[in-house]
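Enquirer: Okay, here's what each chain looks like letter by letter:
Number of protein chains: 2
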Amino acid sequence: MGEPSSTPGGRPDFHAVHRELLERAVAAVRERAYFSAYPESPSPRVYGETAAAEGKAAFERLLGGPFPLDQPGERGRVATERSPYGIELGVSYPRADPDALIAAATAALPGWRDAGPDTRAGIAVEILRRINARSFELAHAVQHTTGQSFVMAFQAGGPHAQDRGLEAAAYAYEAQTRYAASVRWEKPQRKGEPLVMEKSFTPVPRGVALVIGCTTFPTWNAYPAIFADLVTGNPVIVKPHPGAVLPLALTVSIAREVLAEAGMDPNAVLLAAEEHGERLAAELALRPEVRVVDFTGSTEFGDWLERSAVQAFVSTEKSGVNTVVVDSTDDYRGLLGNLAFSLALYSGQMCTTPQNIYVPREGVATDDGRRGPGEFAADLAAALDRLLADPAKAAGTLGALANQGVVDRLDGAAALGKVVLASRALAHPEFPDAVVRTPTVVALDADASEVYGREHFGPISFVITTDDTAHALRLLRETVAERGALTASVYSTDPEVLAAARSAALDAGVNLSENLTGPVFVNQSAAFSDYHGSGANPAATAALTDPGFVAGRFTFVQVRRHA
Amino acid sequence: MGEPSSTPGGRPDFHAVHRELLERAVAAVRERAYFSAYPESPSPRVYGETAAAEGKAAFERLLGGPFPLDQPGERGRVATERSPYGIELGVSYPRADPDALIAAATAALPGWRDAGPDTRAGIAVEILRRINARSFELAHAVQHTTGQSFVMAFQAGGPHAQDRGLEAAAYAYEAQTRYAASVRWEKPQRKGEPLVMEKSFTPVPRGVALVIGCTTFPTWNAYPAIFADLVTGNPVIVKPHPGAVLPLALTVSIAREVLAEAGMDPNAVLLAAEEHGERLAAELALRPEVRVVDFTGSTEFGDWLERSAVQAFVSTEKSGVNTVVVDSTDDYRGLLGNLAFSLALYSGQMCTTPQNIYVPREGVATDDGRRGPGEFAADLAAALDRLLADPAKAAGTLGALANQGVVDRLDGAAALGKVVLASRALAHPEFPDAVVRTPTVVALDADASEVYGREHFGPISFVITTDDTAHALRLLRETVAERGALTASVYSTDPEVLAAARSAALDAGVNLSENLTGPVFVNQSAAFSDYHGSGANPAATAALTDPGFVAGRFTFVQVRRHA
Numbered sequence: 001m002g003e004p005s006s007t008p009g010g011r012p013d014f015h016a017v018h019r020e021l022l023e024r025a026v027a028a029v030r031e032r033a034y035f036s037a038y039p040e041s042p043s044p045r046v047y048g049e050t051a052a053a054e055g056k057a058a059f060e061r062l063l064g065g066p067f068p069l070d071q072p073g074e075r076g077r078v079a080t081e082r083s084p085y086g087i088e089l090g091v092s093y094p095r096a097d098p099d100a101l102i103a104a105a106t107a108a109l110p111g112w113r114d115a116g117p118d119t120r121a122g123i124a125v126e127i128l129r130r131i132n133a134r135s136f137e138l139a140h141a142v143q144h145t146t147g148q149s150f151v152m153a154f155q156a157g158g159p160h161a162q163d164r165g166l167e168a169a170a171y172a173y174e175a176q177t178r179y180a181a182s183v184r185w186e187k188p189q190r191k192g193e194p195l196v197m198e199k200s201f202t203p204v205p206r207g208v209a210l211v212i213g214c215t216t217f218p219t220w221n222a223y224p225a226i227f228a229d230l231v232t233g234n235p236v237i238v239k240p241h242p243g244a245v246l247p248l249a250l251t252v253s254i255a256r257e258v259l260a261e262a263g264m265d266p267n268a269v270l271l272a273a274e275e276h277g278e279r280l281a282a283e284l285a286l287r288p289e290v291r292v293v294d295f296t297g298s299t300e301f302g303d304w305l306e307r308s309a310v311q312a313f314v315s316t317e318k319s320g321v322n323t324v325v326v327d328s329t330d331d332y333r334g335l336l337g338n339l340a341f342s343l344a345l346y347s348g349q350m351c352t353t354p355q356n357i358y359v360p361r362e363g364v365a366t367d368d369g370r371r372g373p374g375e376f377a378a379d380l381a382a383a384l385d386r387l388l389a390d391p392a393k394a395a396g397t398l399g400a401l402a403n404q405g406v407v408d409r410l411d412g413a414a415a416l417g418k419v420v421l422a423s424r425a426l427a428h429p430e431f432p433d434a435v436v437r438t439p440t441v442v443a444l445d446a447d448a449s450e451v452y453g454r455e456h457f458g459p460i461s462f463v464i465t466t467d468d469t470a471h472a473l474r475l476l477r478e479t480v481a482e483r484g485a486l487t488a489s490v491y492s493t494d495p496e497v498l499a500a501a502r503s504a505a506l507d508a509g510v511n512l513s514e515n516l517t518g519p520v521f522v523n524q525s526a527a528f529s530d531y532h533g534s535g536a537n538p539a540a541t542a543a544l545t546d547p548g549f550v551a552g553r554f555t556f557v558q559v560r561r562h563a
Numbered sequence: 001m002g003e004p005s006s007t008p009g010g011r012p013d014f015h016a017v018h019r020e021l022l023e024r025a026v027a028a029v030r031e032r033a034y035f036s037a038y039p040e041s042p043s044p045r046v047y048g049e050t051a052a053a054e055g056k057a058a059f060e061r062l063l064g065g066p067f068p069l070d071q072p073g074e075r076g077r078v079a080t081e082r083s084p085y086g087i088e089l090g091v092s093y094p095r096a097d098p099d100a101l102i103a104a105a106t107a108a109l110p111g112w113r114d115a116g117p118d119t120r121a122g123i124a125v126e127i128l129r130r131i132n133a134r135s136f137e138l139a140h141a142v143q144h145t146t147g148q149s150f151v152m153a154f155q156a157g158g159p160h161a162q163d164r165g166l167e168a169a170a171y172a173y174e175a176q177t178r179y180a181a182s183v184r185w186e187k188p189q190r191k192g193e194p195l196v197m198e199k200s201f202t203p204v205p206r207g208v209a210l211v212i213g214c215t216t217f218p219t220w221n222a223y224p225a226i227f228a229d230l231v232t233g234n235p236v237i238v239k240p241h242p243g244a245v246l247p248l249a250l251t252v253s254i255a256r257e258v259l260a261e262a263g264m265d266p267n268a269v270l271l272a273a274e275e276h277g278e279r280l281a282a283e284l285a286l287r288p289e290v291r292v293v294d295f296t297g298s299t300e301f302g303d304w305l306e307r308s309a310v311q312a313f314v315s316t317e318k319s320g321v322n323t324v325v326v327d328s329t330d331d332y333r334g335l336l337g338n339l340a341f342s343l344a345l346y347s348g349q350m351c352t353t354p355q356n357i358y359v360p361r362e363g364v365a366t367d368d369g370r371r372g373p374g375e376f377a378a379d380l381a382a383a384l385d386r387l388l389a390d391p392a393k394a395a396g397t398l399g400a401l402a403n404q405g406v407v408d409r410l411d412g413a414a415a416l417g418k419v420v421l422a423s424r425a426l427a428h429p430e431f432p433d434a435v436v437r438t439p440t441v442v443a444l445d446a447d448a449s450e451v452y453g454r455e456h457f458g459p460i461s462f463v464i465t466t467d468d469t470a471h472a473l474r475l476l477r478e479t480v481a482e483r484g485a486l487t488a489s490v491y492s493t494d495p496e497v498l499a500a501a502r503s504a505a506l507d508a509g510v511n512l513s514e515n516l517t518g519p520v521f522v523n524q525s526a527a528f529s530d531y532h533g534s535g536a537n538p539a540a541t542a543a544l545t546d547p548g549f550v551a552g553r554f555t556f557v558q559v560r561r562h563a
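First to last, the sequence lines map onto chains A and B.
Take 1 as the starting number for the first sequence in UniProt numbering and just add one per residue.
Take 1 as the starting number for the second sequence in UniProt numbering and just add one per residue.
Worth flagging that the hints you see were computed from the coordinates, not collected in a lab.
Some hints could be false.
[What the hints assert, rightly or not] Derived Cβ-Cβ restraints for the label pairs, each shown as a range: (1) 386/A <-> 16/B: 52 to 58 Å; (2) 24/A <-> 561/B: 50 to 56 Å; (3) 53/B <-> 19/A: 26 to 32 Å; (4) 499/B <-> 74/A: 46 to 52 Å; (5) 97/B <-> 190/A: 46 to 52 Å; (6) 24/B <-> 48/A: 33 to 39 Å; (7) 110/A <-> 418/B: 33 to 39 Å; (8) 193/A <-> 48/B: 25 to 31 Å; (9) 24/A <-> 116/B: 24 to 30 Å; (10) 110/A <-> 471/B: 44 to 50 Å; (11) 277/B <-> 188/A: 43 to 49 Å; (12) 5/A <-> 471/B: 42 to 48 Å; (13) 445/B <-> 193/A: 41 to 47 Å.
[Said to hold, decoys possible] Keeping only pairs whose Cα atoms sit at most 27 Å apart, straight-line, the calculated BS3-like set for lysine-lysine is: (14) 393/A <-> 393/B; (15) 56/B <-> 393/A; (16) 56/A <-> 393/A; (17) 393/B <-> 191/A; (18) 56/B <-> 418/B; (19) 393/B <-> 187/A.
The structure presented is a predicted model; accordingly, all values stated were derived computationally and were not measured.
Beta carbons are placed, not taken as given, at the ideal position from N, Cα and C, and that holds for glycine.
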């Protein structure tokens with residue numbers, strides 16, 4: 001990047017530093033081709049020979065002590081996290097005083113608004129740059145709060161989340177700067193000189209923003225909202241899930257550091273840590289000053305927010321019932337391998353993991369012959385067994401179960417139908433106390449919709465026998481319309497079935513993957529190209545990221561006068 | 001436009017016909033310079049020698065009979081309008097069966113969605129072209145439902161509304177087409193060939209849209225929503241105010257005609273007429289199929305919609321308290337003339353008409369000497385008297401009072417404070433039964449906030465004595481933050497006061513006009529350049545038109561497969 005740029009006041013000019021990347025990101029969201037700003041490989045060749053060790057050491061220095069965060073409104077400390085890998089965390093955070101946080105965010109608003117979109121976007125990208133530089137430290141924080149494996153925590157919690165943050169920043173930046181900031185308006189008159197007005201248009205934020213984090217993807221799911229809010233001028237209160245505070249505490253701390261360096265009020269970003277069960281999110285979400293709310297989590301609380309926080313622009317990502325329609329394939333082995341990995345990855349604890357796998361009663365036509373529902377379920381179970389045969393490698397795919405709720409759900413799954421594959425406990429090669437479990441597969445008939453018609457979050461999937469593929473597509477339409485879904489997937493060699501599946505996906509408003517048999521998985525979405533969610537079914541109110549995700553966060557205020 | 005274009009199926013290709021205008025409109029919203037697609041002058045040189053007479057005759061043919069509209073769900077007829085000019089209207093409309101309308105709109109959705117943004121935008125612009133060609137007929141319809149004078153009804157109800165419709169269509173079109181509709185995504189791999197996926201992205205509408213019209217600007221306030229909905233793929237149910245049905249019935253009828261010609265289901269646009277007091281809007285707004293609601297009208301109902309129609313993307317424009325801060329001027333006569341016209345235009349029945357005029361106790365420094373609050377109020381009263389001295393010309397400015405509610409409010413205004421200018425009844429030169437009244441001006445002290453702190457819709461304004469201009473700006477901040485405003489205006493020769501006013505306008509989230517002394521009035525906004533409302537204060541949830549007004553009406557659904 002050459003010499004660091006600075007403003008006339010001697011402050012670093014992060015917009016000048018990052019202008020090129022920002023423009024590239026704006027182009028990328030329009031083109032939707034492959035683009036990534038932050039390398040996903042934790043290789044020493046990319047991040048440097050010492051990065052891994054330094055990141056680990058930095059993480060370990062944080063354990064067992066107060067997290068350093070100098071912000072207003074501390075009323076005691078909270079230490080609410082436990083590692084799914086069984087290590088002691090013991091990091092304490094300032095317990096938030098909601099009044100003090102709202103007062104501080106409100107006071108930060110005018111200055112942050114007046115900084116304008118260029119300055120705000122530059123600062124946002126600088127925050128991302130520093131977050132990226134600390135990806136190893138963040139990876140450990142994500143691993144030990146979510147239960148993700150280290151590599152997944154590095155990728156999904158690090159560079160992939162950073163890319164999503166940059167993507168949202170790019171949308172927010174473009175939405176504000178696409179329109180002329182000022183204009184000389186000349187209206188011709190029938191007689192004489194034209195009418196001439198000078199006009200200026202200032203993007204103004206809605207107000208204080210609240211981002212409510214989740215326990216499984218604390219950074220990935222929060223970064224789009226945090227960076228969309230920041231770039232549109234809304235000071236952000238980040239309310240992490242009590243089980244996954246550290247990744248967002250690091251994020252807030254980095255953001256506050258950059259804001260201060262840039263001469264801005266660091267209270268444009270604040271952390272709102274709480275005890276388990278304190279219901280701070282609900283309290284903050286109803287405050288009249290809070291005009292933007294983003295939430296990832298349960299349908300129950302998401303629906304409540306949509307109904308209750310009517311003073312705010314509310315975006316939610318809730319639960320859903322992700323569906324796979326299996327009709328036919330010319331790569332049965334590829335299908336099984338791909339699907340098995342999708343079910344196993346992070347023990348099915350992704351909002352995008354398939355749950356309902358529809359197989360026609362007549363069986364699936366494959367390059368290995370026709371496979372009936374029972375055979376298909378057995379083949380899928382075998383593929384999972386193969387995938388998870390080596391315990392050390394299996395732990396790298398499965399990670400650990402995030403919390404006791406998932407364990408209980410998995411234990412109860414055997415009662416839901418005919419168990420085709422039972423869950424097994426695995427020993428973790430590095431962390432003896434980690435709770436590692438293989439996925440279960442349960443066979444159901446299509447009339448058991450009271451079972452498969454709702455989400456069973458965790459490593460639980462159903463192979464469901466349908467009359468035929470048309471029946472499966474009908475069920476897809478119905479369950480997605482009623483319960484929502486973040487992903488849908490179809491396997492077919494028949495162009496007419498694929499066309500019918502596309503039509504069902506459009507009607508249900510769910511993103512569709514077709515015939516995934518290689519190294520792309522239905523539960524993964526690529527920033528700048530794939531939409532995560534659609535906003536067109538009950539699982540989410542907007543996609544990460546689409547125009548609707550950013551446009552409601554700001555408006556323009558205009559001033560005009562005669563020239 | 002040369003030869004009419006047509007599609008391979010023999011249907012007219014309205015996108016090809018209107019592509020150039022559409023692209024010009026998309027550029028205009030970005031540039032925000034002067035642009036208009038539909039001439040505002042009712043001159044025969046523009047609209048043709050016979051247009052005025054033909055439009056009048058067409059209007060008169062509609063009177064006293066059933067409005068021709070062939071749509072589903074008729075359960076009897078309703079005739080609910082009365083002309084503020086006292087002529088008999090007697091037009092009857094199909095009384096809507098909400099179930100039938102929702103069923104018809106729902107059935108129209110997939111075809112309208114699948115038509116895609118190009119086709120939809122082409123059809124929208126063709127609808128606007130035909131509406132424009134019938135501007136005289138529509139002007140009579142607007143005049144005799146709203147009470148606007150004929151010229152104002154022609155301009156605001158015709159070309160200005162059409163420009164706003166085109167502006168919204170342009171936003172909606174660009175928001176969908178700015179991003180690649182399909183892409184070949186190639187992700188480099190560390191070893192071997194890149195991962196290659198083919199992806200396509202389809203904009204999908206939220207669902208059925210409901211547009212709830214108002215009684216004073218039935219077309220101008222509804223067109224942005226109608227055309228934003230149509231272009232984003234949402235079938236629209238247009239629910240006119242029972243007092244102003246005809247302008248929207250004509251609009252719906254034209255839209256259905258164009259849809260049918262284009263081979264589309266005409267039920268993508270439906271009229272929902274009702275009896276007074278039937279509360280059809282409330283019933284439709286809560287239906288789960290209705291996913292977009294636009295409303296112009298009372299704060300009470302708008303707030304109810306925002307709280308209650310939580311399944312929908314709701315945009316409202318409600319009441320507000322528009323403010324003028326008078327500090328100083330070097331063109332006192334221009335100030336008085338401009339302000340008097342703003343108060344008199346359509347008898348103050350514009351959501352943008354100023355109500356609260358703050359004058360410092362020490363007086364206003366002018367090129368005519370310092371004028372205390374009492375002198376200023378008297379000077380303003382005299383300017384209104386001058387403006388309205390000629391009864392025939394006055395009627396052209398004032399129009400007629402829209403309904404008895406406005407008459408009652410005006411009659412009660414004398415009790416609100418010290419009457420500086422009393423309202424007078426005027427005879428209309430053409431319509432003897434028209435209710436024409438001049439505005440009243442009432443003087444208040446700043447402590448009477450219980451009076452001026454709420455909207456008094458109609459020709460009622462207050463000259464309010466403040467301690468000083470800083471006090472006035474404080475009151476502006478407070479009343480706008482609490483009650484909302486669509487416009488604010490300041491007069492000052494002092495750059496510091498102007499800067500303070502801009503700062504107050506940003507904080508309050510209201511559009512500001514500075515030192516208007518010529519032929520631009522605070523209550524007028526120009527499509528493609530001025531925002532109408534801001535969405536940043538309680539008077540409205542979005543501006544006409546900004547990105548937030550359109551982006552919530554659709555999302556993208558994606559399909560991907562290996563290449």
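Enquirer: It remains to establish, for every hint, whether it holds in the given structure.
Expert: Comparing the hints with the structure gives:
Between residue 386/A and residue 16/B the C-beta distance comes to about 56 Å, which sits within the given range of 52 to 58 Å. Between residue 24/A and residue 561/B, the C-beta spacing of about 27 Å breaks the proposed range 50 to 56 Å. Distance hint check for residue 53/B and residue 19/A: the Cβ-Cβ separation is about 60 Å, which falls outside the suggested range of 26 to 32 Å. Under the hint 46 to 52 Å, the C-beta atoms of residue 499/B and residue 74/A, about 37 Å apart, miss the expected range.
The hinted window of 46 to 52 Å between residue 97/B and residue 190/A holds, with their beta carbons roughly 49 Å apart. Between residue 24/B and residue 48/A the Cβ separation comes to about 52 Å, which falls outside the hinted range of 33 to 39 Å. Distance hint check for residue 110/A and residue 418/B: the Cβ-Cβ separation is about 37 Å, which falls inside the suggested range of 33 to 39 Å. Between residue 193/A and residue 48/B the Cβ separation comes to about 29 Å, which falls inside the hinted range of 25 to 31 Å.
Our hint of 24 to 30 Å for residue 24/A and residue 116/B holds, since their Cβ atoms are close to 29 Å apart. A hinted range of 44 to 50 Å is violated for the C-beta pair residue 110/A and residue 471/B, which are about 20 Å apart. Taking 43 to 49 Å as the suggested C-beta distance range, the pair residue 277/B and residue 188/A conforms, at roughly 47 Å. Taking the beta carbon of each, residue 5/A and residue 471/B are about 43 Å apart, inside 42 to 48 Å as hinted.
At roughly 42 Å, the beta carbons of residue 445/B and residue 193/A sit within the given window of 41 to 47 Å. Distance hint between residue 393/A and residue 393/B is unfulfilled; the C-alpha atoms sit about 88 Å from each other, more than 27 Å. A distance of roughly 82 Å separates the Cα atoms of residue 56/B and residue 393/A; the hinted pair therefore is violated under the 27 Å criterion. Proposed proximity of residue 56/A and residue 393/A is supported: the alpha carbons are some 21 Å apart, at most 27 Å.
Our distance criterion of 27 Å between C-alpha atoms is met by residue 393/B and residue 191/A, whose separation comes to about 21 Å. With a C-alpha separation of about 44 Å, the suggested pairing of residue 56/B with residue 418/B is violated against the 27 Å cut-off. A threshold of 27 Å between alpha carbons decides the hint, and for residue 393/B with residue 187/A the separation of about 25 Å falls inside it, so the pair holds.
Of the numbered hints stated above, those contradicted by the structure are hints 2, 3, 4, 6, 10, 14, 15 and 18, listed in ascending order.
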